[in-house]
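Chemist: Sequence:
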Amino acid sequence: MDVHRLRLLREFADRGSVGAVADAMRLTPSAVSQQFKVLAREAGIDLLEQDGRGLRLTDAGRALVLRADEVLAAVDRATEEMAARSRSTLGTVRLAMFPSAAALLLPGLLTAMRASGIEVVATDVDVPYPSAPEALADHDLVLTHRDERAPSITSPRVRSSVLMREPVDLVVPPGHRLVGQESVTLDDLADEDWISVRGGFPVDDVLLSLATITGVQPRVVHRINDFAVIETMVADGHGVALIPRYAVRHPGIHQLELSGVRAARIYEILHRPGALDRRATTAVVGALADLCAATALG
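Residue numbers 0 to 297, in numbering that gives the first Met the number 0, belong to the letters of the sequence shown in order.
All the pointers check out, no bait thrown in.
Quick list of simulated restraints, FRET-style, between CB atoms:
1. 149 with 215: 16 to 24 Å
2. 44 with 224: 40 to 48 Å
3. 157 with 293: 21 to 29 Å
4. 151 with 197: 16 to 24 Å
Hints were generated in silico from the structure; no laboratory data involved.
All values derive from a computational prediction rather than experimental measurement.
Backbone N, C-alpha and C define an ideal beta-carbon position, used for all residues, glycine too.
Take the sequences, apply the hints, and build the full model.
Modeler: What follows is the structure in structure tokens.
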């Protein structure tokens, strides 16, 4: 089977439509459809079937995508090895990161990888945890995050590893009645206005989990996904918030530990099966793990 056509089939599995594959691969939809027909003849079985006005993978198509992942991973390893022999760099790694992780880890990662001869092309991707694997269509590695109570993603086409547990703290403005306490409970905050992130993101998941555990329903009045904006709003007295411990930057707010409950988000790295067979991707994951360990140790 032709490797290029296997790559197109994997793109279809990642992106879900012929049009999206055509856009990603800079082809026309008719050219993509023609390549799928040729691949079906090579495989000797239908790989796609009608699904309303679109197409979906057949059972055989899904099985072949798993093998395509393996074949393309081997091709990528070979390409990397030949590139390393012809120049000083060990390869390029496309990395997607959620924004607060990028602020925390990306500068150190780029410095470490520059010294190793590895080029990292980074992108910030701010999506709920269940949608994070979709970014693997365009990236080798995806650093995502989830509430520690949420189950890890399970998929035959996705591998995941936990890099760090980051506690989530309460932040309050100067002069707040709770400033000076070492820790607080949600009961202490029953009458507060809350600033949270949008639904589906880990910090809001933590807040919902705490509400379920304690029976105290927080009054969320604003939803902002930028922690820097949340911190400024808290500092100006517009509410209280939960913010991951290592993301707090504003000097004018106070961090308080929540008492009686475990509240944290998990940093998780996602990749395709076989991706860590490449030296470059393995080095990036190792460097991220080291940076996370150093951060957690303070």
